[in-house]
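Peer 1: Chain by chain, the residues run as shown.
Protein chains: 2
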Amino acid sequence: MSRVSPNVHWELGAVTRAQREERNQHPALVVWLTGLSASGKSTIATGLEQRLFADGVNVARLDGDNVRHGLCGDLGFSHEDRTENIRRVAEVAALLHELGHVAICAFISPYRSDRELARSLVPPDRFIEVYVKCALSVCEERDPKGLYRRAHAGEIRGFTGVDDAYEEPLDPELVVDTATLDATRAVQAVYETVAARLGAKASAQARAAD
Amino acid sequence: MSRVSPNVHWELGAVTRAQREERNQHPALVVWLTGLSASGKSTIATGLEQRLFADGVNVARLDGDNVRHGLCGDLGFSHEDRTENIRRVAEVAALLHELGHVAICAFISPYRSDRELARSLVPPDRFIEVYVKCALSVCEERDPKGLYRRAHAGEIRGFTGVDDAYEEPLDPELVVDTATLDATRAVQAVYETVAARLGAKASAQARAAD
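These protein sequence lines map, in sequence, to chains A and B. The first sequence finishes on residue 389 if you use our numbering, and the numbering steps up by one all the way, no holes. The second sequence finishes on residue 389 if you use our numbering, and the numbering steps up by one all the way, no holes.
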């Protein structure tokens, strides 16, 4: 196979992010939702995904459900494994960003340094950290999967908020308090922040949908 | 946050692959290029990406360049690490398939069982294995990065074709022999196979472009 065929334009290189963004008519982004278990991250992520998809945005969503059984199926919940889990997710999010997606990531991601790594993999204006804030006592009361109960019973070790630290974001782009906002309003708050970053297209469609 | 809001349709679930495929007007696929180092996989992958993008296909490309420094940056080239490398790539390809992409993967992927794993992660009609065939002697002659020379000099261990096995595909969807086909024809051969699988849309555009 010839490695030099100057007249064949597709050999000049890969399809660029700029080409993809031009086709999509919006910039790529990483929207990173962090917070305690049962704080509402997945609900917000799914709602946001639906809203953006309806706007014609090229949206993707990553959460425990689609990585913990696959890409990160070899990892547990030790400090080291949590960090490796978030490192891989951050790399996939950066890849999705290169592919022009608005990549929504919903992970407890308890350690500040792991979230900073995720941020560092895309340009500064392409990362939106959303702190899905909720008092531990409220999360423990919701406890939809009985995980807090099991953690307190000693059946699960290293559970965030019980016997492992959650390091609150120091300077997130947005804080959504789900102890006071219901799901619809929480999605709306994140949606507005994302739409503003996506610019004219998504904003106009959002207004038209009002 | 309320976990039950039956009137809010976006809480019914995530955006599905079917919804994405309907918007894209083509099915998602994984196109897996396997072959020796310097067989021409990356050239074909890049050319195919450009062709499909020009057709309006939602295409993605994975190769060593975008995973070896990031997602798989912790892995070397031992048998075990190669298998883990391909496992992660296969999982990301399956994720891209779920997102509606035609995911082009270009990796030596020397072991049959690793490629079979990749195939198993998507429905049977969604995987196209392309054997980018090229005589070892031809690859060694091309040796664009001097890797064969270094492997023969003992500076690189476990190099596919020199001191590690390449297990040829037994029943690939397509074989492209790059010792006899030039780059343009090799891309065309893969493109035609992919376009046929994508159905009417891509085929019609391919004819219009002739």
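Careful, some of the hints might be misleading.
What the hints assert, rightly or not - In silico negatives: residues of chain B with every beta carbon more than 12 angstroms from chain A: (1) E228; (2) F232; (3) G235; (4) V268; (5) A269; (6) E270; (7) S292; (8) S316; (9) I335; (10) D343; (11) P348; (12) R376.
Claimed, not checked - On the chain A side, residues computed to face chain B include the following (Cβ under 7 angstroms): (13) A193; (14) T195; (15) E228; (16) F232; (17) A239; (18) L250; (19) L254; (20) G255; (21) R267; (22) E270; (23) L278.
The set of hints was computed from the structure by calculation and includes no laboratory data. The beta-carbon is built from N, C-alpha and C at its ideal position, and this holds for glycine as well.
Peer 1: All the hints need checking, so say for each whether the structure fits it.
Peer 2: Going through the hints against the structure:
1. E228: Incorrect as stated: the minimum Cβ-Cβ distance to chain A is 5 angstroms, not above 12 angstroms.
2. F232: 5 angstroms, violated
3. G235: With a cut-off of 12 angstroms, G235 (chain B) comes too close to chain A, as the shortest Cβ separation is near 8 angstroms.
4. V268: 10 angstroms, violated
5. A269: At roughly 9 angstroms from the nearest Cβ of chain A, A269 (chain B) sits no farther out than 12 angstroms, so the non-interface label is violated.
6. E270: At roughly 4 angstroms from the nearest Cβ of chain A, E270 (chain B) sits no farther out than 12 angstroms, so the non-interface label is violated.
7. S292: 17 angstroms, holds
8. S316: Check passes; 14 angstroms lies beyond 12 angstroms.
9. I335: Given a closest Cβ separation of 21 angstroms, the condition holds.
10. D343: 23 angstroms, holds
11. P348: 18 angstroms, holds
12. R376: 20 angstroms, holds
13. A193: Hint on A193 (chain A): holds, closest Cβ of chain B at ~5 angstroms, below 7 angstroms.
14. T195: The hint is violated - T195 (chain A) has no Cβ within 7 angstroms of chain B, the shortest such distance being about 10 angstroms.
15. E228: For E228 (chain A), the interface hint holds, since the closest Cβ of chain B sits about 5 angstroms away, which is under 7 angstroms.
16. F232: 5 angstroms, holds
17. A239: 5 angstroms, holds
18. L250: The hint holds - L250 (chain A) has a Cβ within 7 angstroms of chain B, the shortest such distance being about 4 angstroms.
19. L254: Cβ of L254 (chain A) sits 11 angstroms from chain B, so the hint is violated.
20. G255: Violated - the Cβ of G255 (chain A) stays beyond 7 angstroms from chain B, reaching only about 16 angstroms at its closest.
21. R267: Hint on R267 (chain A): holds, closest Cβ of chain B at ~6 angstroms, below 7 angstroms.
22. E270: 4 angstroms, holds
23. L278: Holds - the Cβ of L278 (chain A) comes within 7 angstroms of chain B, reaching about 5 angstroms at its closest.
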